[in-house]
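My numbering applies: residue 19 is where the sequence shown begins, and numbers increase by one.
Possibly wrong hints are sitting among the right ones.
[As the list claims (entries may be wrong)] Restraint ranges, calculated between C-beta atoms of paired labels, are given here:
hint : residue 1 : residue 2 : range
1    : Asn67     : Glu146    : 38 to 44 Å
2    : Gln147    : Val199    : 31 to 37 Å
3    : Asn43     : Val171    : 37 to 43 Å
4    : Leu89     : Glu146    : 24 to 30 Å
5    : Arg154    : Thr55     : 31 to 37 Å
6    : Glu144    : Thr55     : 35 to 41 Å
[Stated by the list, open to error] Calculated cross-link-like contacts (lysine-lysine; reagent style BS3-like; alpha-carbon spacing at most 25 Å):
hint : residue 1 : residue 2
7    : Lys21     : Lys166
8    : Lys133    : Lys37
9    : Lys66     : Lys97
10   : Lys37     : Lys21
Just so you know, these hints were derived from the structure itself, not from any lab.
Predicted, not measured: the structure shown is a model, and the values here were computed from it.
We put the CB at the ideal spot given by N, CA and C, even for glycine.
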Amino acid sequence: MQKIVIDFVNVVATTCLRKQIDLENMATKLPNAELNTSKFPGIILKIKNPRATALIFSSGALICTGTQSVLQARQTTNKVIEMLSNAGYNGSAARIRIENIVVSVNYGRQINLDKCARVLPRCMYEPEQFPAVFYRMGNPIATTLIYKTGKLVCTGLNTEKKIILAITTMERQLLEKQLFV
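Let the hints inform the model, and build the full structure from the sequences given.
As structure tokens, then:
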């Protein structure tokens, strides 16, 4: 097996603020905050550095998405909590959880998608509708998109250890089942 570069595309972190939030009031105090409850039931807060989006709900639920590492996701979530505190929120937050990590890899070799669809379990391939094989891995549990070019997008994992396991397991399956062209 060759060395594979794993690119982090998106990391989603969540926490729960232990107090309800007055969205109308908070939206006026936070820079780059959007609140239109007829379209979305929370504040959409754009963060510039690192580029991310935070979703803040009146229940206290906080979702941070768009970062490209676990560390960035945690730091950005803490930054949003600090911004809320500076804007008048005086509660605490639960532990930050990483909910989902989306990664992409390039195996550097083409993959036979027709054969993938025949030999891999739990997969779907409809080339007229989408140019990739949709594959549900069993261990670790993840969803992958496998492209003819040798690229793969993997989602549904929440630790770097699980990501490495998924990517190496996928490569081993591609090799063992002779799916590389």
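Structure-based check of all given hints:
{"no.": "1", "hint": "Asn67 <-> Glu146: 38 to 44 Å", "in the structure": "42 Å, holds"}
{"no.": "2", "hint": "Gln147 <-> Val199: 31 to 37 Å", "in the structure": "22 Å, violated"}
{"no.": "3", "hint": "Asn43 <-> Val171: 37 to 43 Å", "in the structure": "40 Å, holds"}
{"no.": "4", "hint": "Leu89 <-> Glu146: 24 to 30 Å", "in the structure": "41 Å, violated"}
{"no.": "5", "hint": "Arg154 <-> Thr55: 31 to 37 Å", "in the structure": "36 Å, holds"}
{"no.": "6", "hint": "Glu144 <-> Thr55: 35 to 41 Å", "in the structure": "38 Å, holds"}
{"no.": "7", "hint": "Lys21 <-> Lys166", "in the structure": "19 Å, holds"}
{"no.": "8", "hint": "Lys133 <-> Lys37", "in the structure": "53 Å, violated"}
{"no.": "9", "hint": "Lys66 <-> Lys97", "in the structure": "11 Å, holds"}
{"no.": "10", "hint": "Lys37 <-> Lys21", "in the structure": "47 Å, violated"}
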